[in-house]
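I would like the entire structure built from these sequences, with the hints used as guidance.
So for the sequence shown, our numbering puts the first residue at 226; every next one is plus one.
Hints should not be assumed to be uniformly reliable.
As the list claims (entries may be wrong) - Simulated pairs of lysine to any residue, SDA-like, Cα-Cα distance not exceeding 20 Å:
#1 279 with 259
#2 279 with 263
#3 279 with 251
#4 279 with 252
#5 279 with 262
#6 279 with 255
#7 265 with 282
#8 279 with 254
#9 265 with 254
#10 279 with 245
#11 265 with 253
#12 265 with 285
#13 265 with 249
#14 279 with 257
#15 265 with 240
#16 265 with 252
#17 265 with 283
#18 265 with 239
#19 265 with 279
#20 279 with 253
#21 279 with 269
#22 279 with 258
#23 279 with 260
#24 279 with 240
#25 265 with 275
#26 279 with 267
#27 279 with 250
If you are wondering where the hints come from, they were derived from the structure by calculation, not from laboratory data.
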Amino acid sequence: MSAHEGVSGRDAVEPDAARYGAMMQTCFERAGASRREFAKAAFVDASAVTRYFKGQRVAP
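Here it is in structure tokens:
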């Protein structure tokens with residue numbers, strides 16, 4: 226059984242994406258950076274950054 230079996234659509238999280246998101250969040254916390262500041266600098270929506278952290282999407 227996979228880690229995301231039984232979960233579909235927007236809430237499905239791939240294990241690698243979840244680990245990547247957790248590492249991103251740890252780096253942000255250590256640097257004292259905010260998601261909004263990063264989103265603005267990267268020209269992406271803050272909600273996209275939240276999805277990166279949750280592992281719902283992998284940052285480009």
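How the hints compare with the structure:
1. A threshold of 20 Å between alpha carbons decides the hint, and for residue 279 with residue 259 the separation of about 15 Å falls inside it, so the pair holds.
2. For a cut-off of 20 Å, the pair hint linking residue 279 to residue 263 stands: about 16 Å separates their Cα positions.
3. For a cut-off of 20 Å, the pair hint linking residue 279 to residue 251 stands: about 12 Å separates their Cα positions.
4. Restraint check for residue 279 and residue 252: the C-alpha separation of about 14 Å stays at or below 20 Å, so the hint holds.
5. For the hint pairing residue 279 with residue 262, the CA-to-CA distance comes to about 18 Å; that is within 20 Å, so the pair holds.
6. Taken as a hint, the residue 279 and residue 255 pair is honoured in the structure, with Cα atoms around 17 Å apart against an allowance of 20 Å.
7. The straight-line distance between the Cα atoms of residue 265 and residue 282 is roughly 18 Å, inside the 20 Å bound, and the hint therefore holds.
8. Using a Cα cut-off of 20 Å, the hinted pair residue 279 and residue 254 holds, with the two alpha carbons roughly 14 Å apart.
9. In summary, the hint linking residue 265 to residue 254 is supported, as the alpha carbons are separated by about 17 Å, within the 20 Å threshold.
10. For the given pair, residue 279 sits about 9 Å from residue 245 by alpha-carbon distance, which is consistent with the 20 Å threshold.
11. Of the supplied pair hints, the one linking residue 265 and residue 253 holds, its CA atoms being roughly 14 Å apart against a limit of 20 Å.
12. Note on residue 265 and residue 285: the hinted pairing holds, with a Cα-Cα distance of about 15 Å set against a maximum of 20 Å.
13. With a C-alpha separation of about 16 Å, the suggested pairing of residue 265 with residue 249 holds against the 20 Å cut-off.
14. For the hint pairing residue 279 with residue 257, the CA-to-CA distance comes to about 18 Å; that is within 20 Å, so the pair holds.
15. Restraint check for residue 265 and residue 240: not satisfied, since their Cα atoms lie roughly 27 Å apart, outside the 20 Å limit.
16. Distance hint between residue 265 and residue 252 is fulfilled; the C-alpha atoms sit about 17 Å from each other, no more than 20 Å.
17. Between the alpha carbons of residue 265 and residue 283 the distance comes to roughly 18 Å, so the proposed pair stays at or under 20 Å and holds.
18. Distance check on the hinted pair: residue 265 and residue 239 sit about 26 Å apart at the alpha-carbon level, beyond 20 Å; violated.
19. Our distance criterion of 20 Å between C-alpha atoms is met by residue 265 and residue 279, whose separation comes to about 19 Å.
20. With a C-alpha separation of about 13 Å, the suggested pair residue 279 and residue 253 falls inside the 20 Å cut-off, and the hint holds.
21. About 16 Å separates the Cα atoms of residue 279 and residue 269, which keeps this hinted pair within 20 Å; it holds.
22. Distance hint between residue 279 and residue 258 is fulfilled; the C-alpha atoms sit about 17 Å from each other, no more than 20 Å.
23. With a C-alpha separation of about 12 Å, the suggested pairing of residue 279 with residue 260 holds against the 20 Å cut-off.
24. A threshold of 20 Å between alpha carbons decides the hint, and for residue 279 with residue 240 the separation of about 11 Å falls inside it, so the pair holds.
25. A C-alpha spacing of about 13 Å is found between residue 265 and residue 275, which places the hinted pair at or below 20 Å, so the restraint holds.
26. A C-alpha spacing of about 18 Å is found between residue 279 and residue 267, which places the hinted pair at or below 20 Å, so the restraint holds.
27. Proximity of residue 279 to residue 250 is assessed by CA-CA distance (about 9 Å); at most 20 Å being required, the pair is judged to hold.
In summary, the structure is inconsistent with hints 15 and 18 from the numbered list given earlier, while agreeing with the others.
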